[in-house]
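Given chain X, put chain D in place with the hints provided.
Read top to bottom, the protein sequences are chains X and D.
Position 190 of the first sequence, counted from 1, bears residue number 190 in this note's numbering, the numbering being contiguous throughout.
Position 62 of the second sequence, counted from 1, bears residue number 62 in this note's numbering, the numbering being contiguous throughout.
Incorrect hints may have been included.
To be verified - Calculated pairs, BS3-like style, for lysine-lysine (alpha carbon to alpha carbon, straight line, at most 25 Å):
| hint | chain 1 | residue 1 | chain 2 | residue 2 |
| --- | --- | --- | --- | --- |
| 1 | D | Lys187 | D | Lys423 |
| 2 | D | Lys470 | D | Lys499 |
| 3 | D | Lys481 | D | Lys187 |
| 4 | D | Lys444 | D | Lys480 |
| 5 | D | Lys373 | X | Lys111 |
| 6 | D | Lys373 | D | Lys423 |
| 7 | D | Lys488 | D | Lys499 |
| 8 | D | Lys373 | X | Lys191 |
| 9 | D | Lys470 | D | Lys460 |
| 10 | X | Lys153 | D | Lys89 |
| 11 | X | Lys191 | D | Lys118 |
| 12 | D | Lys480 | X | Lys191 |
| 13 | D | Lys172 | D | Lys118 |
| 14 | D | Lys172 | D | Lys351 |
| 15 | D | Lys172 | D | Lys201 |
Simulated from the structure, these hints should not be mistaken for lab results.
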Amino acid sequence: MADASQSTTIDPRRQQIGAVYAKALLGAAEKAGQTDAVVEELQSLIVDVLDKLPQLQAALSSPRIGHEEKAALIDRAFSGRMSDVLLRFLKVLSQHGRLDCLRAIAAAAQKQLNELQGRVEVWVTTAAPLSNPLRELIVKRLSALLGQEVVLKAQLDAEMVGGLVVRIGDTVFDGSVSSRLVQMRQAAVDKAATRFRQSLERFAVSS
Amino acid sequence: MKFNAGEIASVIEQEITHYESQLDVREVGTVLEVGDGIARVYGLSGCMSGEMVQFPSGVIGVAFNLEENSVGVIILGGYLEIEEGDEVKALGRLLSVPVGEAVIGRVLDPLGNPLDGKGPVNTSERRAVEMIAPGIAGRQPVREPLQTGIKAIDAMTPIGRGQRELIIGDRKTGKTTIAIDTIINQKHSGVKCFYVAIGLKESSVANTIRVLQEHGAMEYTTVILAGASAPAPLQFYAAYAGTAMAEHFTYGGQHALIVYDDLSKQAQAYRELSLLMRRPPGREAYPGDVFYAHSRLLERSVKLSNELGGGSLTSLPIIETLEGEVSAYIPTNVISITDGQIYLQPDLFFKGVRPAMNVGISVSRVGGAAQIKAMKDREVAGGLRLALAAFRELEAFAQLGTDLDAATQARLDRGYRMVELLKQSQYQPMEVVDQAIAIFAANKGGLDDVPVTQVSAFEKAFLQYMRDVKGQLRSTIAEKKELPADLKEQLLAAITEFKRGWKPAAK
Numbered sequence: 001m002a003d004a005s006q007s008t009t010i011d012p013r014r015q016q017i018g019a020v021y022a023k024a025l026l027g028a029a030e031k032a033g034q035t036d037a038v039v040e041e042l043q044s045l046i047v048d049v050l051d052k053l054p055q056l057q058a059a060l061s062s063p064r065i066g067h068e069e070k071a072a073l074i075d076r077a078f079s080g081r082m083s084d085v086l087l088r089f090l091k092v093l094s095q096h097g098r099l100d101c102l103r104a105i106a107a108a109a110q111k112q113l114n115e116l117q118g119r120v121e122v123w124v125t126t127a128a129p130l131s132n133p134l135r136e137l138i139v140k141r142l143s144a145l146l147g148q149e150v151v152l153k154a155q156l157d158a159e160m161v162g163g164l165v166v167r168i169g170d171t172v173f174d175g176s177v178s179s180r181l182v183q184m185r186q187a188a189v190d191k192a193a194t195r196f197r198q199s200l201e202r203f204a205v206s207s
Numbered sequence: 001m002k003f004n005a006g007e008i009a010s011v012i013e014q015e016i017t018h019y020e021s022q023l024d025v026r027e028v029g030t031v032l033e034v035g036d037g038i039a040r041v042y043g044l045s046g047c048m049s050g051e052m053v054q055f056p057s058g059v060i061g062v063a064f065n066l067e068e069n070s071v072g073v074i075i076l077g078g079y080l081e082i083e084e085g086d087e088v089k090a091l092g093r094l095l096s097v098p099v100g101e102a103v104i105g106r107v108l109d110p111l112g113n114p115l116d117g118k119g120p121v122n123t124s125e126r127r128a129v130e131m132i133a134p135g136i137a138g139r140q141p142v143r144e145p146l147q148t149g150i151k152a153i154d155a156m157t158p159i160g161r162g163q164r165e166l167i168i169g170d171r172k173t174g175k176t177t178i179a180i181d182t183i184i185n186q187k188h189s190g191v192k193c194f195y196v197a198i199g200l201k202e203s204s205v206a207n208t209i210r211v212l213q214e215h216g217a218m219e220y221t222t223v224i225l226a227g228a229s230a231p232a233p234l235q236f237y238a239a240y241a242g243t244a245m246a247e248h249f250t251y252g253g254q255h256a257l258i259v260y261d262d263l264s265k266q267a268q269a270y271r272e273l274s275l276l277m278r279r280p281p282g283r284e285a286y287p288g289d290v291f292y293a294h295s296r297l298l299e300r301s302v303k304l305s306n307e308l309g310g311g312s313l314t315s316l317p318i319i320e321t322l323e324g325e326v327s328a329y330i331p332t333n334v335i336s337i338t339d340g341q342i343y344l345q346p347d348l349f350f351k352g353v354r355p356a357m358n359v360g361i362s363v364s365r366v367g368g369a370a371q372i373k374a375m376k377d378r379e380v381a382g383g384l385r386l387a388l389a390a391f392r393e394l395e396a397f398a399q400l401g402t403d404l405d406a407a408t409q410a411r412l413d414r415g416y417r418m419v420e421l422l423k424q425s426q427y428q429p430m431e432v433v434d435q436a437i438a439i440f441a442a443n444k445g446g447l448d449d450v451p452v453t454q455v456s457a458f459e460k461a462f463l464q465y466m467r468d469v470k471g472q473l474r475s476t477i478a479e480k481k482e483l484p485a486d487l488k489e490q491l492l493a494a495i496t497e498f499k500r501g502w503k504p505a506a507k
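One chain only, chain X, in its complex shape (with noise of 0.2 Å):
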């Protein structure tokens, strides 16, 4: 599923190849009995580490520094301040030359985690950030409709002008006001069309 608000670019290969690792990754966290806390410090290593020090993001990806190097650069990093499951996942991705695909994987890993306890990422688009009751009226709404938790997250768009766009995975349940003036202009200039060729003659000035 794509993700409207994802900010670095689509890369199909990655994502592939991620979903295959974070499947593998939440098996041995769930055997290890640990599935939400792995999840969450992978997500902790992309957004506090990886995103603040962007030299250690390439070491890791470069692919001219070796796999020694690379294990113990990430022994000496984390080593006590992670869950053995991370750490070895990471030695095992650096032994493959897949460290490139971290954040894929997180990724992944996320949504399935999210689709194993029954969560579905809803994105909600609005004109203005919405305010906090409005949002947890909204989370009781969707949750109640699609049966589901529902995780918001949520984005701004001032040219929308106004309304409320939903997206559910690929499916867009647009009631913005932009979007209706558009159809609406649409609607207008196709009814119009239709029925001045089915008259022509009315709406013709007789010279």
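Relative to chain X, chain D alone:
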């Protein structure tokens, strides 16, 4: 015509007041990459093969390749405004074109948009571009002739309504001319004509349209144009779009004729698309399903059963060969699909035999069922093919320079005159009665004492004589559509009578 702005405004106002807003629910994806008329789209997880999608610029695309992680979309229109990251919307519909009486006399692009500057196509009826051909229960054998008005074709490779007759030959051998002549000859037959120009120079299409207009043929003809500058997807879909427009009449119990000019360019457009989509190339780099692309198109030509209205769709696909190479991939494919072929040869063309049809290898697998009885008669066109084949054998032998006996010389002489008689200038289709009378006259030795150079003048004068003086006899033959013994005798008498008064023009 002037328009009343106030009236128009009031209609739009009404529409707006009665407008009920509906929640717009759509299936979307994101453009990953775009170029060369194709786009790769991420998402669109529920999209089906052949479904229409829309880009933000309003351009339409068709889902062509469904892959594990992306959807390959072919873009029907300008792809320069599409950018990476654009939202693509699935429309949940199949590609369709406007159909009905309103398309007749128009020049349209493969999506049904007008190209002739005569305003919008005024119809609300649409028909899916890709349709499955009717099965065996919906068909019946071809039984009515479709007169091309060309002597050589109507006599030796007759075409029936619902047949698919391939016109094949090198460049500049008169392939398009045969198709145009056939369209011109449908003037009083009520057959609706569709000319699909694929990958042709727009200047030559403009010329074709002008010829059709001059002969009053645009009144019942539609031109579907995807010229050489049109993107490959449009060139590929043009043939199917034209067929959909023609099928509307077929399924309405009428008769239609469609010319695909030409299918080799369409195959090349399909090859381009497939290679861009990274489908594996096969022979001559064409994709594996290029045969299916042509067979599913030509299978739609049909003579419908009486329960379905008995309409018909006749098709004349054109294939251009290179240096007479008929054993290339696309020509053999299309030859095996069609019900016969008209093979045109450059050497005949330059010898002045026009139409430059090679009688020996041109066939029509429908045969006599597509001829009127007068034409099928053994003394008219019945034995013509074999007689001409025998003549050519004899001619080759005579070139050795041996002395010939009188009987052989006589057969040669008649052969020369027959070849001369079958020549016909372009855009001058002939009525089938005239064709039968002329061929009968030649078969019965009426031309034997006419100098070879005078054959066409004799034919012209004789047919004029038949029309003016023997109008009664001519219209009887036209009415009965057969040639019983008594009519033959009257015809022979007319030939003798005419020759008494006819002198070859002095040089």
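Do the hints match the structure? See the list:
| no. | hint | result |
| --- | --- | --- |
| 1 | Lys187/D to Lys423/D | 22 Å, holds |
| 2 | Lys470/D to Lys499/D | 14 Å, holds |
| 3 | Lys481/D to Lys187/D | 19 Å, holds |
| 4 | Lys444/D to Lys480/D | 21 Å, holds |
| 5 | Lys373/D to Lys111/X | 76 Å, violated |
| 6 | Lys373/D to Lys423/D | 23 Å, holds |
| 7 | Lys488/D to Lys499/D | 17 Å, holds |
| 8 | Lys373/D to Lys191/X | 55 Å, violated |
| 9 | Lys470/D to Lys460/D | 15 Å, holds |
| 10 | Lys153/X to Lys89/D | 22 Å, holds |
| 11 | Lys191/X to Lys118/D | 21 Å, holds |
| 12 | Lys480/D to Lys191/X | 54 Å, violated |
| 13 | Lys172/D to Lys118/D | 32 Å, violated |
| 14 | Lys172/D to Lys351/D | 14 Å, holds |
| 15 | Lys172/D to Lys201/D | 14 Å, holds |
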